[in-house]
Amino acid sequence: KKKKKGKGKKGKKEERAPSPPIEFDNLEEFVLHPAQQGITVKCKVTRDKRGMDRGLYPTYYLHLDNEKKVFLLAGRKRKKSTTSNYLISIDPTDLSRGGENFIGKLRSNLMGTKFTVFDNALHPDRALPDMSNARQELAAIIYETNVLGMKGPRRMIVIIPGMNKDGERVPMRPRSENDGLLIRHQNRNMENLIELRNKTPVWNEETASHVLNFNGRVTQASIKNFQIVHNKDQDYIVMQFGRVADDAFTLDYRYPLCAVQAFAIALSSFDGKIACE
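Heads up: the sequence shown begins at 1 in UniProt numbering, then just goes up one per residue.
It is worth saying that the hints were derived from the structure and are not from the lab.
Where hints are given, some of them may not hold.
[What the hints assert, rightly or not] Straight-line C-alpha distance at most 30 Å; calculated DSS-like pairs for lysine-lysine: (1) Lys79 with Lys224; (2) Lys79 with Lys49; (3) Lys42 with Lys80.
[Claimed, not checked] Taking CB as the label site, the calculated pair distances span: (4) Thr207 with Leu122: 34 to 42 Å; (5) Arg155 with Gly99: 30 to 38 Å; (6) Val170 with Thr207: 37 to 45 Å; (7) Lys80 with Asp233: 21 to 29 Å; (8) Pro129 with Glu191: 17 to 25 Å; (9) Glu206 with Ser176: 46 to 54 Å.
Using N, Cα and C, we set each Cβ at its ideal position, and we do this for glycine too.
Modelling step: build the complete structure from the supplied sequences, incorporating the hints.
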């Protein structure tokens, strides 16, 4: 093997050049802010099933996948909820809704096929008339059932607010569910919205399985591995998520996603969807 130039001490293990160090002073700001353009934020998701009811309600943690393993977010399914409802927090020990570290939530429809991601601001009914302190919808995720109900890669559609010319997210503060991301998408009212999809895996004859190229970031084949792309540019991977061990996954995201959006998309993919199997 030729020696790589430069000071890549970890070069042997990693197939990709390590990303520039990601540093921030304010965690809350960082996890809600779109990734810097041109940079891939590489993260790791771990699932903790320990404890009495953790088997049913595991806690998920998102860390930067670097030497310091900086903690970013924790997520956990709420128990007494008719639909799947995950709380997302910037404190790994505080996953309560009233807690000041609550930063967002992921909520599913009754079927568990559609999800909406909210930030931590107020429900529109409790917000000011001008909606300035009302919660924003950060993303919506739709799982399409496989044709013929076959087991195989599920189709995902991800809808996120568009970006303005300064590269900032356009705030989406629906007054009611009737003008949220899911309804807008359903009505093809896509102004200021971006539609992303999961990349269709290629069938590999040799392994008799569906395959995506994760550039060495994923080591275990799993039907839950996915990559999110824009229709117009299938090579720009906006997010990729894949298993590396039983309870460990890599999650990499890029502009225009932020950490909360990417983590929530990953959480939605864990949810046991009977309708989409």
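Tested hints:
1. A threshold of 30 Å between alpha carbons decides the hint, and for Lys79 with Lys224 the separation of about 24 Å falls inside it, so the pair holds.
2. Taken as a hint, the Lys79 and Lys49 pair is honoured in the structure, with Cα atoms around 15 Å apart against an allowance of 30 Å.
3. Taking the CA atoms of Lys42 and Lys80, the gap is about 33 Å. The hint is violated against a cut of 30 Å.
4. Distance hint for Thr207 and Leu122: a CB-CB separation of about 50 Å, inconsistent with the stated range 34 to 42 Å.
5. For Arg155 and Gly99, the hinted distance range of 30 to 38 Å is satisfied, since their beta carbons lie about 35 Å from each other.
6. Evaluation of the 37 to 45 Å hint for Val170 and Thr207 yields a pass: the beta carbon distance comes to about 42 Å.
7. The hinted range of 21 to 29 Å is not satisfied by Lys80 and Asp233, whose Cβ atoms lie roughly 43 Å apart.
8. At roughly 23 Å, the beta carbons of Pro129 and Glu191 sit within the given window of 17 to 25 Å.
9. Restraint check, Glu206 to Ser176: a C-beta distance of roughly 51 Å satisfies the suggested window 46 to 54 Å.
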